[in-house]
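J.: Top to bottom, those sequences are chains A, B, C and D. Yeah, the first sequence ends on 1704 if you go by this note's numbering, and it's all consecutive. Yeah, the second sequence ends on 1704 if you go by this note's numbering, and it's all consecutive. Yeah, the third sequence ends on 578 if you go by this note's numbering, and it's all consecutive. Yeah, the fourth sequence ends on 578 if you go by this note's numbering, and it's all consecutive.
Hints should not be assumed to be uniformly reliable.
Partial list, derived from the structure: chain B residues whose beta carbon lies under 7 angstroms from chain D [unchecked claim]:
| id | residue |
| --- | --- |
| 1 | Ser1229 |
| 2 | Ala1236 |
| 3 | Gln1238 |
| 4 | Phe1239 |
| 5 | Pro1243 |
| 6 | Ser1266 |
| 7 | Thr1275 |
| 8 | Arg1276 |
| 9 | Ala1302 |
| 10 | Gly1341 |
| 11 | Arg1662 |
| 12 | Arg1665 |
| 13 | Ser1677 |
Pairs of lysine to any residue residues, derived as SDA-like cross-links and limited to a Cα-Cα distance of at most 20 angstroms, are as follows [said to hold, decoys possible]:
| id | chain 1 | residue 1 | chain 2 | residue 2 |
| --- | --- | --- | --- | --- |
| 14 | B | Lys1579 | C | Arg303 |
| 15 | A | Lys1694 | D | Leu424 |
| 16 | B | Lys1579 | C | Glu144 |
| 17 | B | Lys1701 | C | Ser410 |
| 18 | C | Lys150 | B | Gly1504 |
| 19 | B | Lys1337 | C | Leu154 |
| 20 | B | Lys1674 | B | Ala1660 |
| 21 | D | Lys447 | A | Val1399 |
| 22 | C | Lys447 | B | Thr1398 |
| 23 | C | Lys283 | B | Gly1536 |
| 24 | A | Lys1337 | D | Ser153 |
| 25 | B | Lys1694 | C | Glu144 |
| 26 | A | Lys1694 | D | Gln427 |
| 27 | B | Lys1337 | B | Val1518 |
| 28 | C | Lys150 | B | Ala1445 |
| 29 | B | Lys1579 | C | Glu143 |
| 30 | A | Lys1579 | D | Ser127 |
| 31 | D | Lys514 | D | Ala565 |
| 32 | D | Lys514 | D | Glu300 |
| 33 | A | Lys1579 | D | Thr132 |
| 34 | D | Lys283 | A | Gly1533 |
| 35 | C | Lys150 | B | Arg1446 |
| 36 | A | Lys1674 | D | Glu300 |
| 37 | B | Lys1694 | C | Leu154 |
| 38 | A | Lys1674 | A | Arg1662 |
Since the hints were derived computationally from the structure, they do not count as laboratory data. Please read these numbers as outputs of a predicted model, since none were measured by experiment. Backbone N, C-alpha and C define an ideal beta-carbon position, used for all residues, glycine too.
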Amino acid sequence: MREPLIFELSRPGRRAASQFPPEPDSGPANIPAHLRRATAPALPEVSELQVVRHYTRLSQLNFSIDSHFYPLGSCTMKYNPKACNTYAMLPEFTGRHPLAPEPQGFLACMYELQEMLKEITGMQGVSLAPMAGAQGEFAGVAMIRAFHRARNDHARSEIIVPQAAHGTNPATAAMCGCTVREIPCDASGSIDLEALGAAVGPATAGIMLTNPSTLGVFERRIGEVARIVHEAGGLLYYDGANLNAILGKVRPGDMGFDVIHMNLHKTFSTPHGGGGPGSGAVGVGPRLLPFLPIPLAGVRQGGFCWLAEADVPGSIGRLSGFMGNAGVNLRAYIYMRMLGRQGMVRVAEFAALNANYLLKRLTDAGYEAAYPTRRASHEFIITLRSESRRYEITAMDVAKRLLDFGVHAPTTYFPLLVPECLLIEPTETESKEELDRFCDAMREIRREMQRDPEKLRSAPHTMPVRRLDDVRAAKQLDIAWKPAC
Amino acid sequence: MREPLIFELSRPGRRAASQFPPEPDSGPANIPAHLRRATAPALPEVSELQVVRHYTRLSQLNFSIDSHFYPLGSCTMKYNPKACNTYAMLPEFTGRHPLAPEPQGFLACMYELQEMLKEITGMQGVSLAPMAGAQGEFAGVAMIRAFHRARNDHARSEIIVPQAAHGTNPATAAMCGCTVREIPCDASGSIDLEALGAAVGPATAGIMLTNPSTLGVFERRIGEVARIVHEAGGLLYYDGANLNAILGKVRPGDMGFDVIHMNLHKTFSTPHGGGGPGSGAVGVGPRLLPFLPIPLAGVRQGGFCWLAEADVPGSIGRLSGFMGNAGVNLRAYIYMRMLGRQGMVRVAEFAALNANYLLKRLTDAGYEAAYPTRRASHEFIITLRSESRRYEITAMDVAKRLLDFGVHAPTTYFPLLVPECLLIEPTETESKEELDRFCDAMREIRREMQRDPEKLRSAPHTMPVRRLDDVRAAKQLDIAWKPAC
Amino acid sequence: MPFIPHTEADVSEMLSTIGARSIDELFEEIPAEFKGASLAGVPAARGEMEVARLLTERAAADGRLLNFIGAGAYEHHIPAPVWAIATRGEFYSAYTPYQAEASQGTLQLIYEYQSMICALTGMEAANASLYDGASALAEACLMAVRANRGSESRRILVPRTVNPTYLKVAQSIARNQGVEFEITEFERRSGRVDMGALRRARGGGPCTALVIQQPNFFGNLEEVDALTDWAHTHGALVIAVVNPTSLALYKPPGEWGGTNDGWRGADIVCGEGQPLGVPLACGGPYFGFMATRLSRVRQMPGRIVGRTLDAQGRPGFTLTLQPREQHIRRGKATSNICTNQGLLVTAATIYLSLLGPAGLGRVAAACAERTEALVRALSRIPGISPAFDSPRFHEAVLKLDRPAAPLLAALAGRGIAGGLDLAASHPELGHAMLVCATETKLDEDIESYARALRDLLSTCASR
Amino acid sequence: MPFIPHTEADVSEMLSTIGARSIDELFEEIPAEFKGASLAGVPAARGEMEVARLLTERAAADGRLLNFIGAGAYEHHIPAPVWAIATRGEFYSAYTPYQAEASQGTLQLIYEYQSMICALTGMEAANASLYDGASALAEACLMAVRANRGSESRRILVPRTVNPTYLKVAQSIARNQGVEFEITEFERRSGRVDMGALRRARGGGPCTALVIQQPNFFGNLEEVDALTDWAHTHGALVIAVVNPTSLALYKPPGEWGGTNDGWRGADIVCGEGQPLGVPLACGGPYFGFMATRLSRVRQMPGRIVGRTLDAQGRPGFTLTLQPREQHIRRGKATSNICTNQGLLVTAATIYLSLLGPAGLGRVAAACAERTEALVRALSRIPGISPAFDSPRFHEAVLKLDRPAAPLLAALAGRGIAGGLDLAASHPELGHAMLVCATETKLDEDIESYARALRDLLSTCASR
Ligand SMILES: Cc1ncc(COP(=O)(O)O)c(C=O)c1O
Ligand SMILES: Cc1ncc(COP(=O)(O)O)c(C=O)c1O
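All chains, full assembly: derive it from the sequences and hints.
T.: Printed below as a string of structure tokens:
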């Protein structure tokens, strides 16, 4: 049964009356006629039950971690403990205005969170200001630029990224007014050091790396990379999207990185919320300390406070109207306190165990690993290049067919480098049985590929809709409901 | 996809570790060996994610008010405002021990709730002690008995109930040690006054009535009934399951009733919770005041308190270990404050409007009203006696087929009096469009009956399971999972 | 119009379909003489915002106390997933699973719950819940009378180590059916059932059942084997009243006795389910559990879910054994119960799944240890000493050198709910109170309590 | 092991499948030289119970203030259904709807949200959210530079009636791309944009866009028609920064201007979505909204959901116009944004559905009325007066006869967050503060504030 649009449930004059505030004694302060709205906005007019039922039913159309295995590579779809939400939603926290006197309890959490993140990353300073990974990247590259500028080194405006980098890396470099220089990877997924050596120079602002890379393998020669870039006068940026893989095992600061962003919504399990909010806390080594984005949680006269412009005069500035995604940071704090020191290490260990187990079982089942000579990190890539030729199916077909087995599809077509790829990240919170069920589904899909590839091509079959026409979506653009005239 | 039992997800040694309290320094105080448990109970050993996913998925297998139209007659499945739960769950309320010093804020709510219920029912006293309708009935009949006993009238041990009464009425009478005497209804659904006249006498303790009755019609000669029973020395019990029908329109106290129970989980919209909790507050006229069950919310020395044995020496006593379903009562209080005086009346008005509209549309579609000469109250009965003969289908088949249309079935086979009946209660919170959709489904089912009755007989077709074998369930009793040895 | 979706256009269309001129006309069958009461005493409608503020202010007025009271309701940590999931609309706003095919979620959950109760109690059949622990004991007594067909008697022995409120509730409910309760004394030193008193009571005539609460109202552990065997030898059924948390550590009722003549195991087990994830909440809603042997399942009140097959042979769940219930058997049903405590069962099932055998054991052990720490800390205060010398679970009776009531009131003034005064229920103990510390109490909490009490005792002269 | 389901048996089975002897072996590719940092600074694991207690204590330490601050984040009543539904696992724990067929819930919701934003703003195309209002303005500035192809300039005019923090954020983000911001003065009496100042700024060279905040930072209503026409006549695009609540009452940006030469309507509309059901929460997460004309949709950053058909011709929803985004266009994308603020959009969509046009209008009207009541009450106090004479929405600047900071600190001591000191951002106003009263403030709240302030002013001598 198709769920109608909320607008289709609307009837003129219908109201969820108990949500209305009392009628004010006087009308709105006399609004000059030319500033007044002529016709009411076309918002739905529905009852409270209609709202509850509609959005409850819509929610049921989603796959989610709470309801399905969700091995979406590069996204770390691990269990989001309910406690993180419950205690972040305490009314004293949710009711506090950001510009009201500084709340000591809340700020204590933020301060300790910064300290924990410093320790985990091996950095000297952390700012919780960026509101997602991409904004963390922005802050990082902006700090790198500020660093060079502060040294009057104005020529450094090139950011090096490996070919396989996430799209946000080059996009961020561009947002920071840098030019992007891509360098290739070799057959084992490692950075081509020669190409790197040739790329660096006096224009090099820095390099952005994910390690383990987006290819799901650890960059073993990271020491070398750091040396080359540093010697050329550039700085090293660590894209922390894959921090889950190495938590407590090796610290970006120890590998030579000067700046890192973390996706707290990945590694530290804050909810993905159907697309956000995230939090992209940044950590820096000594050279970038003066440039951290504000506000920072600090201590003053024995109390906690927000450090601002006057306290961090070299800051690259503010990235949000208030305190970044403060409530997301609070959720990450709660999670980290429950994990504790030992729990951090175990995250990496069991994420790696799950990924390597799945990789082995899938290759045993006949699937091809993109980097067969390598250990998986917390994720790995399967390439369907031969299947796609042999059976005329695509990675997308396999992804869609997986939905019919009650599994969210892995990331497809990223990184673009690997043809017909599936990037699979099980995370540490999934049980062996869940992984085995996934393997069973993949084996069954393999059989279907051989016997009845059309079943894949026309998948999914059991979802609320069949495969959607993306081309039509873009060509006959319908992105907002319009009231019938 | 079948959801396994939680036990099937269990693995020895698996733990949701963050839910464990810290390990105590010392073991449990030395337990004598013969009092110790030898083997751990066979509870599931699962991770927190497994628990969340399992019960999230199970929940999705349910129909509910929040997700479906649920016109289950006699149950008043109206919208349960989210606010009632949100504010009843404030930590100061949920954290309070029942035997801790009396909480003035909470008790203020209970006291005002009692007062509002008195006003609404036209009664002199209200106790919130009973934990559901049936326990309210118990309290009511126990009070009736106590009243007669207090007057040394020990012969009165008969409770009269109409044939169509809800099963809890006779069951309650039996629990109170009374004998049950059933009286018939006439063709228009009214009590047979002659039979009533013949039934009453010196053994009559009282009569239990639902008005509007379980037949969905108002007992017009209620004045007469009251006179007959009162003159015979009996008392009148009002089963408030159908209070929604008359809220603010007519008060049981004004009709001559001596005692009433209310189902707060029906009329006052506390959640049904998959079978409870309910609350069965009782109201009484002057004669039964001394016998109300305890505790009662009262006032003493300017503060609110719980009145107990010493304050109500004639009480029939306690019905629960503490304060009844206190949190349910709090939810009802919140609902009633949002409805207010005017809202109460509208409940009855729109419940009646919806029921009469549905009745008319269904009879227009060819269905047979059980009481065609009567107005519907807040609910009404359709009988499928002719369809069942003509098409060899049953009311159960229609009920099951409705599920395929995304509508919870009405109450079936109650009252037993009406053959192949559906008792339909839309409630006031459903929109006209929702009722129209229901009618469309019923029309379609009517067409199917005629063309393809097997489709009904084998329904449902789209639920997580097909029709279940109840006979097997009772014969090959499997009511608890057992660990494989 | 709060919660009513009808527009004016809807109303007139619907009335015209019905053929009525006004909504009032729909109420024409109600005799005019009874109509027209005003609801002047009911306040006017208030928006959610205003009611939210009122409730928030009232909650703030109640504040929070550091709680050391148990006595049948226990403050345990409730894992965040419990209510996050139990309040999902699909559980919260569904009703009794009458339409099995559209209620598999609730039904499977109840089946799992029944299985867990059986596992905890060592019994074979559990129902889907009763109202609470006290009323569950009342139902158990009525069931015992039905089940013990051999016995002529309607007399039930209840030692004074059973929660006195439970006894009151059982009396309120069962006395109308002529059930008599014979109260027997407890041993003063051990705070346990006095076997001599039991024997004397039995001397007064046959009895149909013996109630054993383990741990008992005072927190002490009863000699359940001996009591069970004694009851069975005398033709009485055993009704066990147990704390579900304690069952992670202590012998389950299904294994009580059986060491000599009597048969093994309690016959009916019941208790208060609140400790399993249900908040204290000023007194309710909680839930009662009940379990028994398969051979007696048809005497058990309450709903029961069974596993069966669907028309295609796939497993599924449905309500079963309904002919015990009021909607089928009416005046001859096992009970009048209809609506039960489903939502609380949902919470408890999630709670037990999260804790598992090891977690529940850890909770039980932590409670026991915390209570010993509390007893040690308070007993160091002059004038306070433990009343009994038995092993106990997570409650203890402390004797005081003066009345408990004023002390408890003064403690409340300092934000501490210090315990339950036993003066009214057990005056023979002199000045005494029942205290409890669960896993939620830290050393610093116990110290705060001890400090406050020491302070009060030293500043007020003993009376 | 918190949140890790593996048993010892699982681990050894999995290792043997992998062919590794230990988990450590899986990390063998990490050079040893970098390994082995301790995490000594991270505290040991604590159970949920302990962390819950810690957080509860910290929240209690923060307490609750009676709040009269706005300045970009507004305290509105949040209907209970909003977060009850937004935190359902299916919304809360899903990610970006990359797999459209398994994400129809989120996708349809976003489509509905986009439609609501279009309805409110009077525009044709809205995105699925940006991080917050301030960063949305930054993105709007970058978009304007891209969109206004005719203009050579990267100069954007920002009157000082725009929220000063928004300006700072726009600068932090956009300056790296060489965008210049030219700040123009406001009229002292009206607290609105000074047209003369605009003209002077334009005299300094062409500019690509003008930012108009309505209501402006001071709460005053700008002459949006005149400003829009002026900008358009000078070849500048109009970036409207609007409060979504206010749009229930005030002319939507899509209808600004167009009375003489210039074309009708703002070109890019953005703003802070927080007032729509998102709690204040110490500063975030909130969400930014953005809308524009269909003709400029390909310049807009952020995700967009479109309605299309499935293989069987049934309607369905999917992400569309992705070639604007970083994962396709990389260095040439409209923005680097990836994760946005989906969950807050979920809340806002539910909020707007509950309120509807009439409800949102009522909220807006109540806020306006409450703020007037506040201004009246405070202005009766000697030494306090309104700073401006313009019509306003729900904020006002009050002039004081002494510095605001110590007064606000003293008010905080009495549990009142009295307003925002403007000394740092707008020193030219002398002693002044920005105050706000939403629909949540009762007469008694306003009286409490007035009483406290009167008291403070009379006890402390003015400086
Ligand atoms: C490797 C990598 N880098 C950066 C990002 C961007 O992070 P965010 O989506 O939080 O902005 C992602 C997110 O998917 C990612 O996978
Ligand atoms: C007419 C009638 N009376 C009594 C009851 C019993 O109420 P409860 O289920 O709350 O015990 C019901 C409940 O379904 C009912 O419909």
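J.: Compare the structure with each hint and give your call.
T.: Here's how the hints hold up against the structure:
1. The beta carbon of Ser1229 of chain B is not positioned within 7 angstroms of any beta carbon in chain D (closest approach about 10 angstroms), and the interface hint is therefore violated.
2. Using the Cβ-Cβ criterion of 7 angstroms, the hint placing Ala1236 of chain B at the interface with chain D is satisfied: the shortest such distance is roughly 5 angstroms.
3. The interface hint given for Gln1238 of chain B is met, as the beta carbon of that residue sits about 6 angstroms from the closest beta carbon of chain D, less than 7 angstroms.
4. Against a cut-off of 7 angstroms between C-beta atoms, the interface hint on Phe1239 of chain B holds, since the closest Cβ of chain D lies about 6 angstroms away.
5. Against a cut-off of 7 angstroms between C-beta atoms, the interface hint on Pro1243 of chain B is violated, since the closest Cβ of chain D lies about 13 angstroms away.
6. Because the beta carbon of Ser1266 of chain B sits about 4 angstroms from the nearest beta carbon in chain D, less than 7 angstroms, this interface hint is met.
7. For Thr1275 of chain B, the suggested interface contact is upheld, since its CB lies about 5 angstroms from the closest CB of chain D, less than 7 angstroms.
8. Interface restraint check for Arg1276 of chain B: the shortest CB-CB distance to chain D comes to about 10 angstroms, outside 7 angstroms, so the restraint is violated.
9. A distance limit of 7 angstroms between C-beta atoms decides the matter here; for Ala1302 of chain B the minimum to chain D is near 4 angstroms, and the interface restraint holds.
10. Taking 7 angstroms as the C-beta contact cut-off toward chain D, the hint placing Gly1341 of chain B at the interface is violated, the least distance being around 32 angstroms.
11. A cut of 7 angstroms between beta carbons decides the hint on Arg1662 of chain B: the least distance to chain D is about 23 angstroms, and the hint is violated.
12. For the restraint placing Arg1665 of chain B at the interface with chain D, the shortest Cβ-Cβ distance is roughly 27 angstroms, beyond the 7 angstroms limit, so the hint is violated.
13. For Ser1677 of chain B, the suggested interface contact is broken, since its CB lies about 25 angstroms from the closest CB of chain D, more than 7 angstroms.
14. Under the criterion of a C-alpha separation no larger than 20 angstroms, the hint pairing Lys1579 of chain B with Arg303 of chain C is inconsistent with the structure, at around 72 angstroms.
15. Of the pairs offered as hints, the one joining Lys1694 of chain A and Leu424 of chain D holds, with about 12 angstroms between alpha carbons and a cut-off of 20 angstroms not exceeded.
16. The suggested pairing of Lys1579 of chain B with Glu144 of chain C holds, with an alpha-carbon distance near 17 angstroms, which does not exceed 20 angstroms.
17. Among the hinted pairs, Lys1701 of chain B with Ser410 of chain C is consistent with the structure: their alpha-carbon atoms are about 17 angstroms apart, no more than 20 angstroms.
18. Restraint check for Lys150 of chain C and Gly1504 of chain B: satisfied, since their Cα atoms lie roughly 18 angstroms apart, inside the 20 angstroms limit.
19. A threshold of 20 angstroms between alpha carbons decides the hint, and for Lys1337 of chain B with Leu154 of chain C the separation of about 10 angstroms falls inside it, so the pair holds.
20. Restraint check for Lys1674 of chain B and Ala1660 of chain B: the C-alpha separation of about 14 angstroms stays at or below 20 angstroms, so the hint holds.
21. A C-alpha spacing of about 10 angstroms is found between Lys447 of chain D and Val1399 of chain A, which places the hinted pair at or below 20 angstroms, so the restraint holds.
22. A C-alpha spacing of about 11 angstroms is found between Lys447 of chain C and Thr1398 of chain B, which places the hinted pair at or below 20 angstroms, so the restraint holds.
23. Restraint check for Lys283 of chain C and Gly1536 of chain B: the C-alpha separation of about 7 angstroms stays at or below 20 angstroms, so the hint holds.
24. Simply put, Lys1337 of chain A and Ser153 of chain D have alpha-carbon atoms about 12 angstroms apart, close enough for the 20 angstroms limit, and the pair holds.
25. In summary, the hint linking Lys1694 of chain B to Glu144 of chain C is not supported, as the alpha carbons are separated by about 47 angstroms, beyond the 20 angstroms threshold.
26. For the suggested pair Lys1694 of chain A and Gln427 of chain D, the alpha carbons sit about 18 angstroms apart, so the restraint of at most 20 angstroms is met.
27. Between Lys1337 of chain B and Val1518 of chain B the alpha-carbon distance is near 16 angstroms, which keeps this suggested pair within the 20 angstroms criterion.
28. Proximity of Lys150 of chain C to Ala1445 of chain B is assessed by CA-CA distance (about 16 angstroms); at most 20 angstroms being required, the pair is judged to hold.
29. Restraint check for Lys1579 of chain B and Glu143 of chain C: the C-alpha separation of about 17 angstroms stays at or below 20 angstroms, so the hint holds.
30. Restraint check for Lys1579 of chain A and Ser127 of chain D: satisfied, since their Cα atoms lie roughly 15 angstroms apart, inside the 20 angstroms limit.
31. Using a Cα cut-off of 20 angstroms, the hinted pair Lys514 of chain D and Ala565 of chain D holds, with the two alpha carbons roughly 15 angstroms apart.
32. For the proposed pair Lys514 of chain D and Glu300 of chain D, the alpha carbon gap of about 19 angstroms is at most 20 angstroms, so the pair holds.
33. Proximity of Lys1579 of chain A to Thr132 of chain D is assessed by CA-CA distance (about 7 angstroms); at most 20 angstroms being required, the pair is judged to hold.
34. Taking the CA atoms of Lys283 of chain D and Gly1533 of chain A, the gap is near 14 angstroms; set against the 20 angstroms cutoff, the hint holds.
35. Simply put, Lys150 of chain C and Arg1446 of chain B have alpha-carbon atoms about 18 angstroms apart, close enough for the 20 angstroms limit, and the pair holds.
36. A C-alpha spacing of about 66 angstroms is found between Lys1674 of chain A and Glu300 of chain D, which places the hinted pair above 20 angstroms, so the restraint is violated.
37. Taken as a hint, the Lys1694 of chain B and Leu154 of chain C pair is broken in the structure, with Cα atoms around 53 angstroms apart against an allowance of 20 angstroms.
38. About 14 angstroms separates the Cα atoms of Lys1674 of chain A and Arg1662 of chain A, which keeps this hinted pair within 20 angstroms; it holds.
In summary, the structure is inconsistent with hints 1, 5, 8, 10, 11, 12, 13, 14, 25, 36 and 37 from the numbered list given earlier, while agreeing with the others.
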